Amino acid sequence: MKKSIILSFLLLQSYHSFAQQVSSYYGKYDLLPAPASAFQDGLVGFANPATLGMMSAPEGRFYWTTEGGKSMSLNNWALLMGGPGLGFGMYQRNMQGRRITDYSVSLGGGTDAFSIGLAYDWAQGDKDFYDVQRVMKASVIFRPLSQLSVGVTGFRGLESKEQEGAIELGFRPLGSARLTLFGDALFGKGIRLGEKYWSAGAAWQVVPGVHAVGRYFGAESFTFSLILDLGNGSFAAQSHYGENSRHAYNSYMLRSGGFKNNIFQRAVKDIGYVPFNLKGVVDHQKFLFFDDDTHRLYDLLRDIRAAASDPRISIIVINQTEMLIRPEHAWEIREELKAAQARGKRVVVFLETAGMTGYHLASVADKIVMDPQGMLTLPGLVMGRTYLKGTLDKLGLGFDEWRFFTHKTAYEKYSRDQLSEADEEQYSAYLDAWYQLIRNDVSSSRNLSPDEFDAIINEGILFNAKTAVERGLVDKLDRWSNIKEIIKGMNDDRALFKMNRSGLWDNAVLPEQWGEKPQIAIVYGLGECAMETGIRARFLETVFSKLEKNNSVKAVVFRVDSPGGSGMASDVVAEAVKKCALKKPVIVSQGQVAGSGGYWISIYGDKIIAGPNTITGSIGVIGGWIWDKGMTQKLGMTADYVKRGEHADALYGVTLPILGISIPG
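Per our numbering, residue 7 is the first one in the sequence shown, and the count goes up by one each step.
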C-alpha cells in the first residue's frame with residue numbers, strides 16, 4: 007500500500023512543471039465513453055497503458071465513427087488489441103480531407119490493486135495539421151478499495167519536450183459495477199483548474215451486460231453511450247454532442263475477447279453438455295508440463311460446480327475409461343455430481359471397466375453407459391496385512407516392537423503372524439463404514455434394496471456388459487465414440503453443443519470487482535511426514551509463516567493426505583499451523599488418509615473435515631528393531647570390535663556384504 011501511494015505521488019510530481027498540451031487529449035481519445043481506468047479496461051492500453059496490468063484476457067476491438075449524423079458512413083476508425091501485459095492500437099482520423107493515423111505500443115503490469123504502464127505513441131500522415139509528435143506515456147492505476155479507482159497518465163513529447171498529465175477518478179458507491187461515478191482532468195503548466203479540460207459522468211449497469219454511460223465535458227459537450235455485452239463479444243454505440251447540444255457524430259465498437267457477464271446468455275438454458283475425461287490419475291497435484299494424464303481433484307470439483315451453476319449446461323458427461331482414483335476422492339466427486347443433479351443437471355457416466363470404487367462413483371449417474379465388451383468387478387471389500395514374523399524366524403532374525411496404545415499396530419507385521427484383536431476391531435469398523443457407504447449410495451441411485459445389493463456382491467464377482475444391464479447396474483451398452491448420439495437421445499433428439507470446461511460461466515466470466523479480492527489459500531500436506539520429502543515440513547513451515555503475515559489471505563484450507571512418519575516433521579508443521587490459526591481461520595480437509603503424523607499436523611485447525619471413508623486418527627507412537635537371533639551363526643559370520651563408551655556397541659553387529667546392512671547382536 008505504501009509503495010503504491012509513493013509511486014503515484016512521484017508520477018504526479020514528475021509532471022508538476024508541465025508545459026502546454028502535447029496533443030488534444032479528448033480529441034485523440036474521443037472513443038472513450040468514460041475515463042480509461044474507470045470503465046471496462048478503457049481502450050485496452052491505448053489511452054492508459056496501466057489498464058493492461060489489470061486485464062484478465064486478451065481482446066480485440068474495432069471502432070468507427072460516422073460523418074455527422076450519417077449512420078451508414080465511415081469517417082474515422084480504430085483497431086485496438088491488448089491483453090495482460092501488452093497492447094497495440096492504431097486510430098485513423100480524418101478532418102477536412104486530411105488524415106493521420108496514430109499508433110501506440112503499450113506495456114503494463116501489476117496486481118488488481120496497483121498497476122503501472124508505459125507506452126510509445128507515434129503517427130503517420132498530416133502531422134503538421136494535427137500538431138502531433140512522438141510521445142512517451144507513463145501511467146499508474148491505484149484501486150485500494152472496491153469503491154475507488156485512481157488513474158494517472160503522464161505524456162512527454164519526444165520532439166518538443168512538451169508535457170502534460172491526466173488524472174482519472176472512479177467511484178462505485180455500491181461497491182460494484184452497478185453504478186460508477188467518474189471524472190477526469192488534464193493538469194500541467196498553462197492548464198488552470200476549472201477550465202474546459204475536464205469531464206464527469208456516470209455509468210449505470212442497467213442489467214448484467216447492458217451499460218448506459220453519460221459523460222459531460224468542460225468544453226460544453228457531452229456523449230451518451232450504450233454498451234451491450236454478449237459474452238465473448240460486445241457492441242457499443244456512442245452519440246457525440248457539441249456545443250448547444252448539437253449532434254456531432256456517432257461512434258460504434260465491436261469487441262471480441264474474454265467472456266463478460268450478461269443477461270442474454272443467462273436467459274439461454276439447457277443447450278449444451280460438458281465432458282470430463284478422467285483417463286489417468288485423479289490426484290491433488292500435477293506437473294505444469296507433460297502431465298496431461300493427471301487430473302487435479304480441486305479442478306474437477308470446481309468445474310463440476312461451475313457446470314452446475316451454468317444455466318446453459320444440461321448434461322455433465324463423465325468418461326471413467328482407465329481412471330485411477332482413491333475411494334475418498336471418488337466420494338467427493340460423487341457428492342459434487344449429486345449437488346449438480348439437485349440443481350437440475352443430468353449426469354451421464356461412461357465405463358469400460360470398473361471396480362468397487364469406480365462403480366461407486368459411476369452409480370450417481372442418471373444414465374450409465376458401458377462399452378459392449380466392458381466388465382464390472384464387484385467382489386466386495388477386504389483389508390488385511392502380510393506378516394513377516396515367520397520369515398524373520400527362518401532367517402534367524404528377532405524383532406522387538408515398541409508402542410504406545412493398543413491400536414497402534416503398524417509394526418505387528420514383524421512381531422505377529424495373524425491379526426491382533428485391535429487390528430481386527432479397527433479393520434472391521436472401517437470396512438463396515440466403507441461398505442455401508444457404497445451400499446447406501448448405490449442402492450439409492452440405482453433403485454436397489456440393500457438386500458439386492460448384497461446379493462449382487464455375494465453371488466458373483468465379474469459381470470460382463472450384458473449381465474450388468476440385466477442386473478440393473480448399467481443402463482445402456484454403447485461406445486464412447488457415439489456419446490453425442492446418446493446425449494441427443496436423452497434430449498428429445500435435439501443435439502446439444504459441446505462446451506469445454508474453461509468456457510463454463512464461473513470459469514470464463516471476467517471479473518468486474520475493483521481492488522484485491524479476498525483470497526483463500528490452499529496448502530497441501532501430502533505423503534509421509536518428513537523434513538525434506540513427502541509433506542516437506544521445512545517448506546510447509548515457511549509457507550504457513552508467510553500466510554500468517556499476508557493480509558490479503560483471509561483464510562487457509564490445509565489439505566492433508568498423509569499416513570504419518572517423523573515426529574519431528576509432524577511437530578514442525580503442527581506448530582506452524584497453530585501460529586497461523588491465531589491470525590486467521592485454518593480449515594483442515596483430510597483426504598484418503600490422515601493417520602498418525604497426518605492427524606498430528608491436523609489438530610490445530612479451527613475445524614477438521616473428513617470424508618466418510620477417510621482413514622484418520624491412528625494416535626500413538628511406534629518403534630522397533632531387528633536383531634541377530636542366530637542368522638550370523640547359520641551363515642558362519644562373526645564380528646569383532648573395540649569400543650569407548652559402555653553402550654557404544656548397542657547397534658553394532660555383523661554387516662551383510664553387498665547390502666551393507668548391519669544387524670545388531
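It is possible that part of the hints are untrue.
With a straight-line Cα cutoff of 30 Å, these simulated DSS-like cross-link-like pairs (lysine-lysine) come out [unchecked claim]:
#1 373 - 472
#2 523 - 552
#3 373 - 414
#4 482 - 494
#5 419 - 523
#6 613 - 585
#7 285 - 344
#8 414 - 613
#9 635 - 613
#10 589 - 400
#11 275 - 373
#12 560 - 292
#13 472 - 285
#14 494 - 344
#15 482 - 472
#16 523 - 494
#17 552 - 292
#18 640 - 292
#19 584 - 552
#20 584 - 613
#21 523 - 490
#22 613 - 552
#23 414 - 584
#24 344 - 482
#25 414 - 635
#26 195 - 167
#27 419 - 275
#28 292 - 504
#29 613 - 523
#30 523 - 482
Simulated from the structure, these hints should not be mistaken for lab results.
Since we're looking at a predicted model, the values are computed, not measured.
Cross-check of the supplied hints:
Distance restraint check for residue 373 and residue 472: the Cα-Cα separation of roughly 16 Å lies within the 30 Å cut-off, and the hinted pair is therefore satisfied. Taking the CA atoms of residue 523 and residue 552, the gap is near 18 Å; set against the 30 Å cutoff, the hint holds. Taken as a hint, the residue 373 and residue 414 pair is broken in the structure, with Cα atoms around 44 Å apart against an allowance of 30 Å. Distance check on the hinted pair: residue 482 and residue 494 sit about 14 Å apart at the alpha-carbon level, within 30 Å; holds.
Note on residue 419 and residue 523: the hinted pairing is violated, with a Cα-Cα distance of about 52 Å set against a maximum of 30 Å. For the given pair, residue 613 sits about 15 Å from residue 585 by alpha-carbon distance, which is consistent with the 30 Å threshold. Taking the CA atoms of residue 285 and residue 344, the gap is about 21 Å. The hint holds against a cut of 30 Å. As the CA atoms of residue 414 and residue 613 are separated by approximately 25 Å, the hinted pair is consistent with the 30 Å bound.
Of the pairs offered as hints, the one joining residue 635 and residue 613 is violated, with about 48 Å between alpha carbons and a cut-off of 30 Å exceeded. The hinted pair formed by residue 589 and residue 400 fails the criterion: a straight-line CA distance of about 57 Å is larger than 30 Å. Pair hint residue 275 plus residue 373 holds up; C-alpha atoms about 21 Å apart against a cutoff of 30 Å. Proximity of residue 560 to residue 292 is assessed by CA-CA distance (about 26 Å); at most 30 Å being required, the pair is judged to hold.
For the hint pairing residue 472 with residue 285, the CA-to-CA distance comes to about 24 Å; that is within 30 Å, so the pair holds. As the CA atoms of residue 494 and residue 344 are separated by approximately 22 Å, the hinted pair is consistent with the 30 Å bound. Our distance criterion of 30 Å between C-alpha atoms is met by residue 482 and residue 472, whose separation comes to about 9 Å. Restraint check: the Cα-Cα separation between residue 523 and residue 494 comes to about 41 Å, which exceeds 30 Å; the hinted pair is violated.
Restraint check for residue 552 and residue 292: satisfied, since their Cα atoms lie roughly 23 Å apart, inside the 30 Å limit. Simply put, residue 640 and residue 292 have alpha-carbon atoms about 50 Å apart, too far for the 30 Å limit, and the pair is violated. Only pairs whose Cα atoms come within 30 Å are accepted, and residue 584 paired with residue 552 is accepted, the gap being roughly 13 Å. For the hint linking residue 584 to residue 613, the alpha-carbon distance of about 12 Å falls within 30 Å, and the restraint holds.
Straight-line distance between C-alpha atoms of residue 523 and residue 490 comes to about 40 Å, which puts the hinted pair past the 30 Å bound. Simply put, residue 613 and residue 552 have alpha-carbon atoms about 21 Å apart, close enough for the 30 Å limit, and the pair holds. Restraint check for residue 414 and residue 584: satisfied, since their Cα atoms lie roughly 25 Å apart, inside the 30 Å limit. With a C-alpha separation of about 21 Å, the suggested pairing of residue 344 with residue 482 holds against the 30 Å cut-off.
A distance of roughly 25 Å separates the Cα atoms of residue 414 and residue 635; the hinted pair therefore holds under the 30 Å criterion. Distance check on the hinted pair: residue 195 and residue 167 sit about 13 Å apart at the alpha-carbon level, within 30 Å; holds. For the hint linking residue 419 to residue 275, the alpha-carbon distance of about 58 Å lies beyond 30 Å, and the restraint is violated. A threshold of 30 Å between alpha carbons decides the hint, and for residue 292 with residue 504 the separation of about 26 Å falls inside it, so the pair holds.
For the given pair, residue 613 sits about 24 Å from residue 523 by alpha-carbon distance, which is consistent with the 30 Å threshold. Only pairs whose Cα atoms come within 30 Å are accepted, and residue 523 paired with residue 482 is rejected, the gap being roughly 46 Å.
Consistency note: the structure conflicts with the earlier hints numbered 3, 5, 9, 10, 16, 18, 21, 27 and 30.
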